[in-house]
Every structure is written in C-alpha cells, then in structure tokens.
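Order-wise, the sequence lines are chains A and B.
Here the first sequence is numbered in numbering that gives the first Met the number 0, starting from 0 and rising by one per residue.
Here the second sequence is numbered in numbering that gives the first Met the number 0, starting from 0 and rising by one per residue.
Hints listed in this document are in silico derivations from the structure and should not be mistaken for laboratory results.
Take these hints with a grain of salt, some might be off.
Pulled a few chain A residues facing chain B out of the computed Cβ check, cut under 10 Å [unchecked claim]: (1) 48; (2) 52; (3) 109.
Every value quoted in this text rests on a predicted model; they were computed, and no experiment measured them.
Ideal Cβ positions, reconstructed from N, Cα and C, are used throughout, including at glycine.
Here are the chains, one letter per residue:
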Amino acid sequence: MNITLQVWRQPGPSSPGGFATYLVEDVSPDMSFLEMLDVLNERLVLQGEEPITFESDCREGICGACGVMINGLPHGPQLGTATCQLHMRKFSDGDTITVEPWRAAAFPVVKDLMVDRSAFDRIIEAGGYISVNTGSTPDANEIPVPKPVADTAFDAAACIGCGACVAACPNGAANLFTAAKVAHLNLLPQGQPERWDRVVAMVDTMEEFFGSCTNHGECEKACPKSISIDFIAMLNHDYVKAKFKNRRLVAQQG
Amino acid sequence: MSRSAEGLQKALSEIPALYEEFKTDVRVLGENESVNQSLERAGRVDDFFQLGMLMCVDALQREESCGAHFREEYQTPEGEALRRDDEFSYVSAWEWTGEEPVLHREPLEFEFVTPTTRSYK
Ligand code: SF4
Ligand code: FES
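This is chain B alone, in the form it adopts within the complex:
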C-alpha cells in the first residue's frame, strides 16, 4: 500500500461529493421511540466519512514515510521508506472543530534510545 500527494488530493476532492450524496439521499427508516438499527448504522457511516477525510488530510500533511504510512515521494533510491525525523518527529493530534481539522503537534522526545532506520540487510 502506498500513498502520494496526488492520490490523496484526488481522494479529498471526491469524498465530499459522496458525503453530500450520503447526507441527502440516505434512507433511515424507523422512529426515535424504539431501538433503531438503521439510525445506528447511518451514524457509523457518517463517522467513517469524516474519519476517512481526516486520514487523507493527515497522510497528506505527513511528508515522510513512516511505518505503514508509505509516501511514494519519500523513499530511498532502493525503494525503502524514508523517514524525516528532523521535521516529523511528532504525533499529529487533530482537533475536531466542525470545519477544517486543526493540527496540534505533540513532539516525540527520545532520551535514551534514539530512532534509527531499520535495515534487514
């Protein structure tokens, strides 16, 4: 699995239309007065839309390859993941605002063991 700025931007340009379609066309039957599984599920799909968009935003912002996040633009000449610890050694905590998510950087500080690049060679 790999990601690129181009692909992520494409996803971010297309998901909102799907989300809009979901919000206007979804058919939720049943009532408020009793258990409503349709409503439960629609709520979950709504969450997945928001989470899906946030994952794209986050993956686009993290301009390095790290763990399962492989950005095609950031690889070694041999095609291995290229981390950029000088710039991205932080956890991205995204704040939900209802509009654009806001990034809070929580720095990762290593006192005794510093990160190195894993090599299987």
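Only chain A is shown next, with the shape it has when bound in the complex:
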C-alpha cells in the first residue's frame, strides 16, 4: 500500500505548528499504525530529517501512551481499539491520512504528536487510590463481592488513561476517565471507607483542569476500552450523594 500522511509537526509547546506531508510507500497491511510511523521515521532519519515524535510503550493497548487523532478520530476509525492496535488493513491503498495530537487545552502539545497528560495524574493524586489499611491478602471469597459488581468494577478498571475521551469531547471534559477511575474503587468493599471523599476530591480536581460534561457521548465512542457513559451517571450520583453525607460517620460504619 502507498499512503500519504499529513502529520502535525510542532517543535515545542510554544512554537507554531503545521502539517507536513509524507508519502509512505510499500506499507504492509499487517503493520500497525505505529509500525507504519516507525518505518517513516527510519526513512526520515536516513534523509537527515528529524523523526516524528509520538509516544508509545506497550503496543498492545494497555498502557494508554499512544493515542493520536487519525482523520479527526481519537485512535482512528476502529471502535474499541487503541492506535497501537489499529492495523493498516483498515485503510486503502492511496489513502491520505491526517495525524494530529490530542486537541485539548488541558493536554498541551509537548512536541509533534506528543502531549502532556499530567492533568490526569492530578485527578488520580486527588483520590484514585485506597489508603486505608486493607490487611493482608484475604482468602478467596472471604470478602463477598457480587458477580455483577465485580464485573462492573472490572469494566471500569479497564480504562488505560489514554485521554481519547477528552480529545473527543467538544467540551474537553474528562468525565469518562474520572468516572471510570472513581467507579472501579467505589464499587469494591476496600474502596468504601474513602468512597465519598474520593468522589468529591476527584471531581473537584477534574474541574480545575477540564471542561464540563454535557452528555454528548463522544467519549464512549472514542474510548479504546469501550468504557460506558453509564459510569458518568454513577459518578454524578455518588457526587451528589457525597454532598449529603456526614462522611466521617459513613467511613466509621465502613
């Protein structure tokens, strides 16, 4: 396959950027999108041109590092797939593909396709953990967790923190990410003592950095882990409930 790429190149956070056009020849349909960029980068190095900066780590859809906008869609056209797991067979010979970094005020461009997603870290730091002593590993089934609850917590925990939900959202909101991170802890027994503090702290921190959710639902469609926007409803529900609780008392009761 021969592919024409229009890639956003931007030397640094405060420098102006623009699209550069590259023809990538002999692309194998079995290559992943990132492998295709690797091939282009190797060629650029040989030509003495600086390679395109993009992030990746696991290349198996679990680390969340690799997201870029492909033809205006976060992680490209295939549903439930991160950029690293998108294959060139999803495109056709002769296609022109536009590649851009996430466009969101909370994720400033570091260089080319690389953005700074540390605003997500601020949300996690606010409450995305369990700090009460949960004791040593319990015997299996000693803490009963109903199957539907365990499944739902697991679905939420599938979030890889990639930022596609923010990039897809016309408001630049991070509600799907925050909802997933809150839900996977708030659903489980170990997460209960800090449940109400957690949701308030994480939502309040989220609002310092990101826009507000107006239920567009673009996030769910862009999410490589197909996290459901039902979690946003759960987030709002927990947030409102937390405001009516005496949280110290509730924590006492476990």
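Since the structure of chain A is provided, determine the placement of chain B with the ligands on it from the hints.
Same frame as chain A, now just chain B with the ligands:
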C-alpha cells in the same frame, strides 16, 4: 543457554568495535531545546553496550555455574550446574570507573541454612 570462556572472550573482543562504530556513526537528529526521543534512545543503546560488556566480564570472572549462569567448563559429569561455593560465595559488585570495571566482593554468609545442591532425582 550456556556460556564458555572462549565465547565470552570472543564477545569481549568484538563488542568494542561495534561500540566504536555506534559512537562514530550513530545519527541523532533534533536539538537540545525540545524533547528529543532520538537522543533518549541513543543514550539507552549506549547504556546497553556498556552493560553488555560488563555482563561478559562478570560471566567470565565467575568460574562456576550458578542459577541461570551456566558455564560449560563447570558442570558435573551428568551435565548439571557445578557450583563452587568455596571460591564464589559472594556477590560481585562492579564499580564503574569509566575504564576497566573494578570488582568488589560482597561475601554471602549463611548462618542457619547453608546452600546445598538442588537435585530433582
Ligand atoms: S475512559 Fe477510555 S478514552 Fe478515556 S482515558 Fe480511559 S480508556 Fe482512554
Ligand atoms: S502503546 Fe500502549 S496502549 Fe498503545
């Protein structure tokens, strides 16, 4: 996987030339002023060269077989790993000097349970 003095010496005689080639021919584009992934990666390859050479030096110096380190010269008649605890019961801590690495031996002392040879028979 096994190692022998001959193989390790061969590696130690050939890696420096590759390392030299890397240092003179590597092409690192970009600038100092912004994120430079090429430089990051070149730095990592440089580390791997040094680490690779040190691993050869260490494996050559440890004239016994122990754990994943199987030296062909040190095996029982049945082909099992032959440890030499009388001489090698220490951790090799290699000091980085910029030139030849310097060996510091940190002895392993066993008070209650002494090492024995594992046997699956
Ligand atoms: S919710 Fe989905 S899109 Fe958002 S950060 Fe998590 S995995 Fe990425
Ligand atoms: S590189 Fe880890 S999710 Fe794509």
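Hint check, failures only: none
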